[in-house]
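Peer 1: Numbering-wise, our numbering comes out as the position in the sequence shown, counting from 1, plus 2.
It should be emphasised that the hints constitute simulated quantities derived from the structure, not laboratory data. Please read these numbers as outputs of a predicted model, since none were measured by experiment. One or more hints might be untrue.
Unchecked claim - The list that follows gives simulated cross-link-like pairs (lysine-lysine, DSS-like), each with its CA atoms no further than 25 Å apart:
#1 Lys-28 - Lys-97
#2 Lys-10 - Lys-158
#3 Lys-135 - Lys-173
#4 Lys-65 - Lys-10
#5 Lys-94 - Lys-28
#6 Lys-23 - Lys-70
#7 Lys-23 - Lys-10
#8 Lys-70 - Lys-94
#9 Lys-70 - Lys-28
#10 Lys-23 - Lys-47
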Amino acid sequence: MSPFNFQKAIRLQDNLARRIKLEPLKRPLKLIGAADFATARTQGKIAVALVVLDAVDLRILDKAILIKNCSLPYIPGFLCFREGPAFLSALKEIKIQADVWFLDGHGLAHPRRMGLASFVGIMADIPTIGCAKSAYFPYEEPENFRGALTIYRNQKGERVGYCLRTKTGVKPVFVSPGHRVSFEDALFLTLEFTCYRVPEPLRLAHFLSREAFRF
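All chains should be modelled from the sequences, with the hints used to inform the complete structure.
Peer 2: The structure is reproduced here in structure tokens:
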């Protein structure tokens, strides 16, 4: 395995970040997609699960589960190079394309504004939202009720998303637009499709990705 070239990766992230578009989603939204990932106990393999749901009743209309070889370890700030290629491969297996995709990771809320959701959004030219459970930057805890939020800012003080309480008594998530989605849509849709801590499409993708290695 060749060593990971950090400088080259940073340059690519910086260049891709210039291509991000923040814009309102086209309505009505009929199909909601999500992707989550799992790593095998033995190193070198990663599973990705994609689901496409009916936006009204959240029925799964299409799904794809792939197990891919992956020699790159988890490196904070460079998750897009580990999980992004797996997502793009699985996306080719999906027959029903979603109007917007949730990713278990960040979008703009990343040191170089190029989290996983932004990366796959740019590479596939699809609307994406990042919904992460951990933070890159210091944040102000929102009040303890569903829908409470604080503005999430990067190291320059720029708004990159929201620290959002999706359920009373549960830790907040970090929501940010990835590509071709506005801040407002990212926030609204995360709350719209969440019953527990993360949006239901992401929760379903999470279960499917874990099933991939249960044999």
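Peer 1: If a hint holds in the structure, say so; if it doesn't, say that too.
Peer 2: Tested hints:
no.	hint	verdict
1	Lys-28 - Lys-97	holds (20 Å)
2	Lys-10 - Lys-158	holds (23 Å)
3	Lys-135 - Lys-173	holds (8 Å)
4	Lys-65 - Lys-10	violated (33 Å)
5	Lys-94 - Lys-28	holds (23 Å)
6	Lys-23 - Lys-70	violated (29 Å)
7	Lys-23 - Lys-10	holds (23 Å)
8	Lys-70 - Lys-94	holds (14 Å)
9	Lys-70 - Lys-28	violated (33 Å)
10	Lys-23 - Lys-47	violated (32 Å)
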